[in-house]
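Chain residues, written in single-letter form:
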Amino acid sequence: MPLPWAAALHRLWRGVSALNDRDDLAEFVLPPLLELPGVRAVWGLRHTADNRMLAYRWAGPPVTEADRPAAAAAAFGPQSVVPAFGTLVAHGAARVVRARFDLPEDVSGSILVAVDDTADLSVISVCLGQVVEVTSEAVRRIALHRVEQRQQIQDALLAEASLQMDAVLDTAQTMQRVARMTVPAIAEGCLVYEYDAGKLILRSAVHVDMRRLNAALADPAEAARFVEFASGVVLGGGPSRQCDKADVQVMRARDRILGVLLFLFDRDADRVPPAEFLHDVASRAAIAVDNSTLYEQRRREVAAMQQHLLPSRLPEVDGLVVAASYTVGDQVLEVGGDFYDVVLREDGTMAALIGDVCGRGVDAAALTGMARHTLAALLQDGASPVRAMSRLNTRLRLNGSWRFVTAGVATVRPDGDGFVVGWTSAGHPAPVVLRRDGPAEPGQGGGSPLGILTEPRLGRSELRLAAGDTLVIFTDGLTESRKPGGRMFEERAFGETLARLRGSAADAVVKELSLAAASYGGVRADDIAVVAIQVRETAS
Amino acid sequence: MIFVVEDSDSDVEAIGRALGRSHPGLEVEFFRSGAEALPRLAHAHPRLMLLDLNMPGESGLDLIRQVRADPALAGLTLVVFTSSEEPAEADACYAAGADSYIYKPLNFALFQSVLSQTLDYWLSRPASGNVARTVVPPSGESSAQT
Numbered sequence: 001m002p003l004p005w006a007a008a009l010h011r012l013w014r015g016v017s018a019l020n021d022r023d024d025l026a027e028f029v030l031p032p033l034l035e036l037p038g039v040r041a042v043w044g045l046r047h048t049a050d051n052r053m054l055a056y057r058w059a060g061p062p063v064t065e066a067d068r069p070a071a072a073a074a075a076f077g078p079q080s081v082v083p084a085f086g087t088l089v090a091h092g093a094a095r096v097v098r099a100r101f102d103l104p105e106d107v108s109g110s111i112l113v114a115v116d117d118t119a120d121l122s123v124i125s126v127c128l129g130q131v132v133e134v135t136s137e138a139v140r141r142i143a144l145h146r147v148e149q150r151q152q153i154q155d156a157l158l159a160e161a162s163l164q165m166d167a168v169l170d171t172a173q174t175m176q177r178v179a180r181m182t183v184p185a186i187a188e189g190c191l192v193y194e195y196d197a198g199k200l201i202l203r204s205a206v207h208v209d210m211r212r213l214n215a216a217l218a219d220p221a222e223a224a225r226f227v228e229f230a231s232g233v234v235l236g237g238g239p240s241r242q243c244d245k246a247d248v249q250v251m252r253a254r255d256r257i258l259g260v261l262l263f264l265f266d267r268d269a270d271r272v273p274p275a276e277f278l279h280d281v282a283s284r285a286a287i288a289v290d291n292s293t294l295y296e297q298r299r300r301e302v303a304a305m306q307q308h309l310l311p312s313r314l315p316e317v318d319g320l321v322v323a324a325s326y327t328v329g330d331q332v333l334e335v336g337g338d339f340y341d342v343v344l345r346e347d348g349t350m351a352a353l354i355g356d357v358c359g360r361g362v363d364a365a366a367l368t369g370m371a372r373h374t375l376a377a378l379l380q381d382g383a384s385p386v387r388a389m390s391r392l393n394t395r396l397r398l399n400g401s402w403r404f405v406t407a408g409v410a411t412v413r414p415d416g417d418g419f420v421v422g423w424t425s426a427g428h429p430a431p432v433v434l435r436r437d438g439p440a441e442p443g444q445g446g447g448s449p450l451g452i453l454t455e456p457r458l459g460r461s462e463l464r465l466a467a468g469d470t471l472v473i474f475t476d477g478l479t480e481s482r483k484p485g486g487r488m489f490e491e492r493a494f495g496e497t498l499a500r501l502r503g504s505a506a507d508a509v510v511k512e513l514s515l516a517a518a519s520y521g522g523v524r525a526d527d528i529a530v531v532a533i534q535v536r537e538t539a540s
Numbered sequence: 001m002i003f004v005v006e007d008s009d010s011d012v013e014a015i016g017r018a019l020g021r022s023h024p025g026l027e028v029e030f031f032r033s034g035a036e037a038l039p040r041l042a043h044a045h046p047r048l049m050l051l052d053l054n055m056p057g058e059s060g061l062d063l064i065r066q067v068r069a070d071p072a073l074a075g076l077t078l079v080v081f082t083s084s085e086e087p088a089e090a091d092a093c094y095a096a097g098a099d100s101y102i103y104k105p106l107n108f109a110l111f112q113s114v115l116s117q118t119l120d121y122w123l124s125r126p127a128s129g130n131v132a133r134t135v136v137p138p139s140g141e142s143s144a145q146t
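In the order they appear, the protein sequences are chains A and B.
Here the first sequence stands for residues 1 to 540, numbered as in full-length UniProt numbering.
Here the second sequence stands for residues 1 to 146, numbered as in full-length UniProt numbering.
FYI, nobody ran anything at the bench for these hints, they're computed from the structure.
Source: prediction; values computed, not measured.
It is possible that some hints are incorrect.
Sample of chain B residues facing chain A (criterion: CB under 7 Å; computed from the structure) [as the list claims (entries may be wrong)]: (1) S83; (2) P87; (3) Y94; (4) P105; (5) A109; (6) L110; (7) S113; (8) Y121.
Some chain B residues well away from chain A (every beta-carbon gap over 10 Å; in silico) [what the hints assert, rightly or not]: (9) A14; (10) L19; (11) P46; (12) G75; (13) A96.
Each residue gets a CB set at the ideal place from its N, CA and C atoms; glycine is no exception.
Let the sequences and hints guide you as you build the complete structure.
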């Protein structure tokens, strides 16, 4: 065995681990054979195990078009040494030595070494056998690398798709993201159908070439073929894959079919992902779609319930304009405990009530409804605020709930050219009067929350409103809206907003105050209720 | 040859690295803005242009409109490669004349795969045609049925 060959073989074995692509293989393994004494050409043939030719490679003289049939015959024939043929003869070759390798679950290959009369065939055969060993190992490693790379990409896709889908709680957006995340990573196109009342409804469609997909979807016959294919899988019995061109996976969660993902492929068959992986994608998508559907359903229920806890309309009072606003905090999946109402009393005066049941959720909502209706009914029937609050206190204590309620009642009666406000507070934030001609003035709070003491302790004060003045009553969600650093709205921004709102209409006051407080806080943990009572400029 | 219009250094590096691995023979020219790329388009005749949307100066959307306004560049495939998740943005890109609006993943292996698949798709198609092949699966006959 020539000494330089030992070094060449050593280099081949060392280089095997660096190969990641089969296209680089021929350039790596064929040239050392060309250096052996008496070798005139080295040809590498890639073919299937059942002898279908795939590619020709070479070191030295190339495989010409005319040489190909004879080269294939040499590769697939029974003899390991055959006489030289075609252009090889012109290049001085006398014989061709062949070695073939077949690998399980991979394409096969043959190496043909064309030699002249001076070559030692036994040496050539040994060297060729050694190169075949190197090549087989390289092919095995490349296949392994390909599988690992594919797995890595699939894992990354599942992780990133889950992250993207979980980031939204809106069903439509979730379905859009499913399609967008998968194209073209795993398919050239992805259609997302929702399954509703036995029908498939297209919710999202993405393709590398959207014009092409849109053209197909615009054709009723072609669009129907998509649905027909997907329906066949949903209803059972139909194939889930068609000729490596399309694949349907059902999105199923909690034993319900939510829809289907229809993948469209325009790539080589070996690059089409296995059905098991597409099934995993559909499972993740189903979880995300199911979560967002549940979230939307719950959000609708909470919004409806919250609406029932607030008055549907506010009464009209001579000389006054009343406006109210309710802003739901970020914890929108639970009903908040803020409430307000405005009632006309038998004596013609008006009473505005506002309150806050501590906590959120169904329990708090039940108490909120009870507190609002108790106070509103009693005040409407002519009970004084003190009596109405005392009755509510008794009811709360009878209920045995640990929850307490802060509440404030403003009775508003005409007085000369303005109005007098009687403010009764049970631990509720003090009101503010927005003066038409001067700075905003805080009222008094006082008292303790209802539901704690046997006899409630209430704070009472009186305010006077002139034409253009606005009484603002609110819950602590307004003033305690805070920035991530902890600074609260009431520290500075509240006063600045009030100053900016001087002279504004009542509805603008409640809207702007709520908006300013809501945008002030990073995350709004609490609801915000605001009621404004404004004396008309023409009040007499 | 393809053009890449991208102002972010890290994205330029990632795209260069990914294309170097997946398409080693492909000639790629990088530009930091549409203003840099436009004058070269007429002379270089790239097959495809990959672009970011958010760039200093004129946006990627402006660049798409300018390219589509030039009949001489009708065969140029425009691929928007972005991490944005705003559906309206995709609509705006297609309305302006983009051919593809592709999600830019965070994971590099996935990034490389997405980029590679996008190029494989467009570079295997005739420059001016979007009509050659149907996307509809064959109906009635399939390997799974036979």
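Tested hints:
For the restraint placing S83(B) at the interface with chain A, the shortest Cβ-Cβ distance is roughly 10 Å, beyond the 7 Å limit, so the hint is violated. With a least beta-carbon distance of about 6 Å to chain A, the hint placing P87(B) at the interface is held under the 7 Å criterion. With a cut of 7 Å, the hint placing Y94(B) at the interface with chain A holds, because the nearest CB-to-CB distance is about 6 Å. Taking 7 Å as the C-beta cut-off, the interface hint given for P105(B) holds, the closest approach to chain A being about 5 Å.
Hint on A109(B) holds. Least Cβ distance to chain A is approximately 5 Å, under the 7 Å limit. About 4 Å separates the beta-carbon of L110(B) from the nearest beta-carbon of chain A, less than 7 Å, and the hint is met. The criterion of a C-beta within 7 Å of any C-beta in chain A is met by S113(B), whose closest approach is roughly 5 Å, and the hint holds. With a least beta-carbon distance of about 5 Å to chain A, the hint placing Y121(B) at the interface is held under the 7 Å criterion.
Chain A leaves A14(B) outside its interface by the beta-carbon criterion, the shortest separation being 14 Å against a cut-off of 10 Å. The Cβ of L19(B) lies farther than 10 Å from every Cβ of chain A, with a closest approach of about 15 Å, so its non-interface assignment holds. Residue placement check: P46(B) keeps its beta carbon more than 10 Å from all beta carbons of chain A (closest about 18 Å). The beta carbon of G75(B) sits about 14 Å from the closest Cβ of chain A, which is more than 10 Å, so the claim that it is off the interface holds.
With a least beta-carbon separation of about 13 Å from chain A, A96(B) lies farther than 10 Å from that chain, consistent with its non-interface assignment.
Going through the hint list in order, the structure does not satisfy hint 1, though it satisfies all others.
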